[in-house]
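Colleague: Could you slot chain Z onto chain Y? The hints should help.
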Amino acid sequence: MSRSLTFFAVALTAAVSWGLYHLAYEVQRLEDELIDYNRALLRDREAMQVLAAEWSYLTRPEALQERALRHLDMRPLLPVQIARIEHIPFAETLAPAGAVLSSGDIPLPRPRPRPLPFAATREAAYPNSQAAPRAGTPLPSSPVAPAPPFLQSAAPVPALAAARSAP
Amino acid sequence: MIARFLQRRQRRNPCHPADLQAPPSLVRLDGAAKEVIETGRTRLVTAALLFALCFVVLAARLVDLTFIRNDTEPRVARAATLVAKVDQFPVVDRAAIVDRNGTLLATSLRTASLYADPRKVLNAREAAAKLVRVLPELSQADITERLGSDRSFVWIRRNLTPRQQQQVITLGIPGLYFHGEQRRVYPQGALAVHAVGFTDVDNNGLAGIEAFFNERLRDPARAHEPLSLSLDLSVQHAVRDELLRSVAAHKAIGAAGIVLDARNGEVLAMVSLPDFEPGQVGEASKDQRFNRNTLGVYEMGSTFKTFAAAMALEKGLVNMKGGYDATHPIRIAGFTISDDHPKKRWLSLPEIYMYSSNIAAAKMAVDVGPAGQRAFMQKLGFLGKPAIELPEIGGPLYPRRWNTIETMTIAFGHGISVSPLQLASAVGAMVNGGLLVQPTLIRRDPLAPLPADRVISERTSRQMRQLMRLVVEQGTGKKAEAPGYLVGGKTGTAEKVGAGGYKRKSLLTSFVAAFPMHAPRYVVIAMLDEPKGTKETHGFATAGWTAAPIVGRLVTRIAPILGVPPVHETPEVRSAIAIPGFNAPAEPGRPQPTLQERKLASF
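Chain order of the listed sequences is Y and Z. Per my numbering, the first sequence starts with residue 233, numbered consecutively. Per my numbering, the second sequence starts with residue 14, numbered consecutively.
Just chain Y, with the same shape it has in the complex (with noise of 0.2 Å):
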């Protein structure tokens, strides 16, 4: 009696020193882990803070007109290009667009009796600006911009037409 107490009690000591052996070790691999995923976490906030400054650098609004001057056909935003939606007239009440075009106005209903006062090429919008038109590419000789495809035809649009209709 005594003696198989205590083989038990040598053998659950045996037991419980290995079980607490191991997970003392794996509680240290799991921190040592942590630790390196944490360090890995702070590198990368490291990391992305150089990239934030890079990317601020990169889009200096200066870098970022010299380079749309130098490679896209646009323009400062102008007054008359800018309407409200409620301006949108629905597509069954469009006049003809080709009598709209042909009359030189925006083809947008809004009330606009003087020429354009503003100026209408890249050159006079940007007088000082050195960057040269790209070859081949020649600037918009008319103020007036391509009306959407949807509007260069006199037929309504037919999934404006159907929602309109629905009930």
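A portion of the hints provided could be inaccurate.
What the hints assert, rightly or not - Within a straight-line C-alpha distance of at most 25 Å, the following computed DMTMM-like cross-link-like pairs (lysine to aspartate or glutamate) qualify:
1. Z:LYS509 - Z:ASP300
2. Z:LYS264 - Y:GLU294
3. Z:LYS398 - Z:ASP300
4. Z:LYS334 - Z:ASP380
5. Z:LYS492 - Z:ASP353
6. Z:LYS264 - Y:GLU298
To be verified - Chain Y regions said to be covered by chain Z (calculated; three or more residues, Cβ under 8 Å):
7. 279-293
8. 309-316
Worth flagging that the hints you see were computed from the coordinates, not collected in a lab. Ideal Cβ positions, reconstructed from N, Cα and C, are used throughout, including at glycine.
Modeller: Relative to chain Y, chain Z alone:
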């Protein structure tokens, strides 16, 4: 003596063979022997207790180390416990500065700085030769001397790039060490340099926001939280671009520009030219470092007639149909006050403002009186330093003796010098309904109450808006028109003070504007220092030709960025911004006044 002591001990020792001759049961302990055994037992118990106590302490420490950890432990252990909070774990010690949209204006990056312990450098000459090969900007003679000194610490170069650091490591020179440092970086360069400021090599703010918020930016608890400014970099760039263009066109020696939110005082753009790269402060001249918007104070000229008119309207001394006689120049105390665009007749208030009549403005101010004018200027914040989050703030200059002649000159903007920022916030009060809002460079909390004081009534403010719009539609500021955005403003051309009085040729031209005039949201100021006339301006260098066009172009550019929709002038809008008889039809039932009639009215 020692021998005798030992002998006695031996005799007394219970473990001595002499005492163990008989079996214990037969021993009768009493007296001295019993006492000795008791002593021994007590000593054993004491020792055992002491050991037990030690083990308890050890166990407690073990529990403390394994279960209870605190933040004073080294960083590696903290990294393990900070899993949940690692997002707030600052990478650097100084918080970033961003604009209102979160674009980075200033940030800190980790770098390595190279230093040496010259006593450990074996061959200074050879080490210097090697170093210069990797860091060619260093002078070999200088490095040789530094490495040959008998000090224990010399800087070689601060803030190496990672590549340079690797190259130095590869050289394998003994006695060289790296010190991990943080370097302040300004990705936007010169764009907002006067507002943001810069730091010294040890990351202490020396100017601008960097200096004003030095403590806040260094606060470890808030290092991960960027400081959000009210500036909008797109607007800032537009202002700088337009000013640069005008400075080049008119060969001006400097320029300043401000865009201010008239409703809450947020500064959206603040540009002072010439400027500099914040990374190269050392090479910047004093003129480049000078912030003309807050530190510079100038006699603003005719833009001050805005305040003369508002003051007279507010006091009820004149209304929109009233006016003053501007036929003859005023002669007072040896000075002559005359008009630049003399009409030589009676002028109504809108005409006074539109044609910028010095004579009438002076008469208007005299009617208010020196004390009243002084009080009004005080209310507008012209007699104190403006409160903005910058250390570079210039106090205004105004006469100590404020009598009739000073009142006259101040009415048209001479004799008082204020900063463009003060002018901007005062004009904001003129157009926003009469509230003077403290300007700020920090994004305002929309829920916090606005620090604002009423300076003029709603009614006067509406009349001021009409007057300012009239200047752009028909007066000296026609070039500031931006179709669709209803710009209103006032030109100001001041002669700069030089040796022996005002210099006719060196001008300071400014245009102060607001838009859209039916419900003003933004105040815009453009100022040119000593512009010259060009062929396009027919040789004129006045504000209407030099400063007003900047505002016109600028408003067209920034309004879409700021989300201001172009306005179609419906009759309601028209009636809000137009003055009957000038840029609107006369009121029904009243004949349209002609210039001749109004001239006769002075008799």
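Colleague: Give a verdict on every hint.
Modeller: Hints, one by one, checked against the model:
Restraint check: the Cα-Cα separation between Z:LYS509 and Z:ASP300 comes to about 17 Å, which is no more than 25 Å; the hinted pair holds. A C-alpha spacing of about 21 Å is found between Z:LYS264 and Y:GLU294, which places the hinted pair at or below 25 Å, so the restraint holds. This hinted pair checks out: Z:LYS398 and Z:ASP300 have alpha carbons roughly 21 Å apart, not beyond 25 Å. The suggested pairing of Z:LYS334 with Z:ASP380 holds, with an alpha-carbon distance near 17 Å, which does not exceed 25 Å.
Pair hint Z:LYS492 plus Z:ASP353 holds up; C-alpha atoms about 18 Å apart against a cutoff of 25 Å. Annotation: proposed proximity of Z:LYS264 to Y:GLU298 holds, straight-line Cα distance about 23 Å (limit 25 Å). Residues of the stretch 279-293 of chain Y with a Cβ under 8 Å from some Cβ of chain Z number 11, which satisfies the need for three, so the listed coverage holds. Residues of the stretch 309-316 of chain Y with a Cβ under 8 Å from some Cβ of chain Z number 6, which satisfies the need for three, so the listed coverage holds.
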